[in-house]
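Asks: For reference, the chains in residue letters:
2 protein chains.
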Amino acid sequence: MIESTEGNGHNHKILRLPTIKRLPTYLHILKRLQAEGEEYVSTTALINELDFKPILVRKDLVLMGIPGKPRTGYCLKDIIQAIEKFLGWNNVDEAFLIGTGALGSALLGHKPFEENGLKIVAGFDIDPERVGKVIHGKKIFHLSKLKELAHRMGVKVGIITVPWQSAQEVADVLIEAGIVGIWNFSMLKLKTPPEVVCHNENLSGGLAVFSVKLQQRRENLL
Amino acid sequence: MIESTEGNGHNHKILRLPTIKRLPTYLHILKRLQAEGEEYVSTTALINELDFKPILVRKDLVLMGIPGKPRTGYCLKDIIQAIEKFLGWNNVDEAFLIGTGALGSALLGHKPFEENGLKIVAGFDIDPERVGKVIHGKKIFHLSKLKELAHRMGVKVGIITVPWQSAQEVADVLIEAGIVGIWNFSMLKLKTPPEVVCHNENLSGGLAVFSVKLQQRRENLL
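Read top to bottom, the protein sequences are chains A and B.
Residue numbers for the first sequence follow our numbering, beginning at 191 and rising by one.
Residue numbers for the second sequence follow our numbering, beginning at 191 and rising by one.
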């Protein structure tokens with residue numbers, strides 16, 4: 191999906207998944223430099239702030255389609271705008287979050303989402319202990335209210351943070367409510383119609399890489 | 191680092207990062223099948239439960255070094271053991287977590303970590319409102335106590351969930367305390383000595399991919 195071209199005048203080059211995943215990190219550092227009063231950044235200066243291979247950074251920057259100037263480098267305003275436009279972070283999507291356990295509660299309070307085009311407007315749960323509460327400023331409703339609220343508020347995006355056992359049931363509620371995008375943090379592969387965009391998040395992947403690095407270190411010391 | 195061979199008799203084949211990131215998902219589904227009373231799983235049945243390309247799943251399974259039998263498939267006990275050994279999840283690492291905001295608090299209560307080889311034993315912060323509290327059963331100490339507690343409890347792993355502005359300062363405290371592995375959720379590239387394993391987590395990467403998919407869907411509808 192990601193690798194398809196759009197051909198509608200937008201800057202949707204054929205970007206591969208790893209490049210897309212690096213974009214928020216570039217954006218974070220570019221905005222930090224801008225907040226510090228800089229107007230331009232050289233590729234070398236940017237590479238110094240990053241843990242990515244220099245060759246990847248150079249390639250990614252070219253894909254953004256903003257020409258860098260010799261000596262001065264990239265204009266921060268232009269490159270920030272190009273990345274935000276590519277990510278669609280110049281338009282904010284409103285989202286519902288379903289499942290307000292440890293992970294769900296954290297996402298309700300995760301400020302970078304709001305800065306990055308995704309505004310969670312309400313939480314949902316079925317646990318009577320949680321329904322009616324306010325977590326990080328967001329009201330928690332019973333799941334049975336979701337369809338009505340989605341229509342009334344025009345919300346089209348849902349974030350699933352329930353255990354895998356309940357994930358399909360929640361997805362069905364979302365689809366029934368006209369949601370078109372699902373960000374799925376459960377470990378279950380969801381059955382969704384083709385017109386619904388579903389992105390599965392694998393939070394344990396990072397722990398796996400960290401674990402293998404730790405284990406290799408231990409073995410090298412033996 | 192990950193791609194180096196070990197040659198010490200362990201099953202450290204040359205696994206690439208994407209394969210390592212998929213392993214926890216396999217493990218989750220294999221354990222679910224085992225809990226349902228299954229003893230064997232066929233590659234086809236496993237593929238049906240997954241959102242990965244079938245060719246990738248077949249290759250990953252071969253890399254685990256466990257022979258599948260024709261008709262019956264893989265022995266669940268053997269393949270689970272092989273993956274856990276590869277990930278080092280048969281040994282549990284005890285860890286400290288520093289920064290108990292929304293994200294840090296969620297990680298303190300994230301049960302899969304404990305099942306997956308990483309047990310967070312205490313939290314640290316400098317905010318007087320948080321120090322002394324208990325979050326998800328874990329006591330929160332002042333950062334100034336970290337060095338003493340690391341030595342007394344023999345903890346060697348640290349998880350950084352503070353904002354980027356404080357991340358290097360926290361990393362310095364961890365290194366001073368003899369920590370050998372750092373899982374860094376801040377967006378800052380940390381300066382650490384070569385003997386310290388540092389893994390940077392990029393939580394916004396998933397949101398970036400989801401955003402691009404949503405945007406492409408919107409544009410296709412225009």
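In case anyone wonders, no lab produced these hints; they're calculated from the structure.
These numbers were taken from a predicted model, which means no experiment stands behind them.
You may find that some hints are simply not true.
One copy or two, it doesn't matter: identical chains are merged, so the pair holds either way.
No farther apart than 20 Å at their CA atoms in a straight line, the calculated lysine to any residue pairs in the SDA-like style are these [claimed, not checked]:
1. K301 <-> E391
2. K249 <-> R342
3. K243 <-> P208
4. K221 <-> A312
5. K301 <-> L393
6. K211 <-> D241
7. K337 <-> G255
8. K309 <-> G291
9. K329 <-> E319
10. K275 <-> P244
11. K381 <-> K403
12. K403 <-> R206
13. K211 <-> L393
14. K211 <-> N392
15. K221 <-> V282
16. K301 <-> Y230
17. K267 <-> L220
18. K323 <-> G291
19. K335 <-> R248
20. K259 <-> P208
21. K379 <-> K403
22. K301 <-> P353
23. K309 <-> R408
24. K337 <-> G263
25. K221 <-> P353
Asks: Against this structure, judge whether each hint is valid.
Replies: Going through the hints against the structure:
no. : hint          : result
1   : K301 <-> E391 : both (18 Å within a copy, 17 Å between copies)
2   : K249 <-> R342 : neither (44 Å within a copy, 47 Å between copies)
3   : K243 <-> P208 : both (12 Å within a copy, 17 Å between copies)
4   : K221 <-> A312 : neither (28 Å within a copy, 33 Å between copies)
5   : K301 <-> L393 : both (18 Å within a copy, 12 Å between copies)
6   : K211 <-> D241 : both (13 Å within a copy, 18 Å between copies)
7   : K337 <-> G255 : neither (41 Å within a copy, 48 Å between copies)
8   : K309 <-> G291 : both (19 Å within a copy, 19 Å between copies)
9   : K329 <-> E319 : within (13 Å within a copy, 24 Å between copies)
10  : K275 <-> P244 : neither (24 Å within a copy, 33 Å between copies)
11  : K381 <-> K403 : between (35 Å within a copy, 17 Å between copies)
12  : K403 <-> R206 : between (25 Å within a copy, 12 Å between copies)
13  : K211 <-> L393 : both (14 Å within a copy, 9 Å between copies)
14  : K211 <-> N392 : both (13 Å within a copy, 8 Å between copies)
15  : K221 <-> V282 : within (18 Å within a copy, 39 Å between copies)
16  : K301 <-> Y230 : neither (26 Å within a copy, 44 Å between copies)
17  : K267 <-> L220 : within (9 Å within a copy, 48 Å between copies)
18  : K323 <-> G291 : both (13 Å within a copy, 19 Å between copies)
19  : K335 <-> R248 : neither (48 Å within a copy, 43 Å between copies)
20  : K259 <-> P208 : neither (26 Å within a copy, 35 Å between copies)
21  : K379 <-> K403 : between (28 Å within a copy, 17 Å between copies)
22  : K301 <-> P353 : between (23 Å within a copy, 11 Å between copies)
23  : K309 <-> R408 : between (42 Å within a copy, 17 Å between copies)
24  : K337 <-> G263 : neither (49 Å within a copy, 43 Å between copies)
25  : K221 <-> P353 : between (36 Å within a copy, 15 Å between copies)
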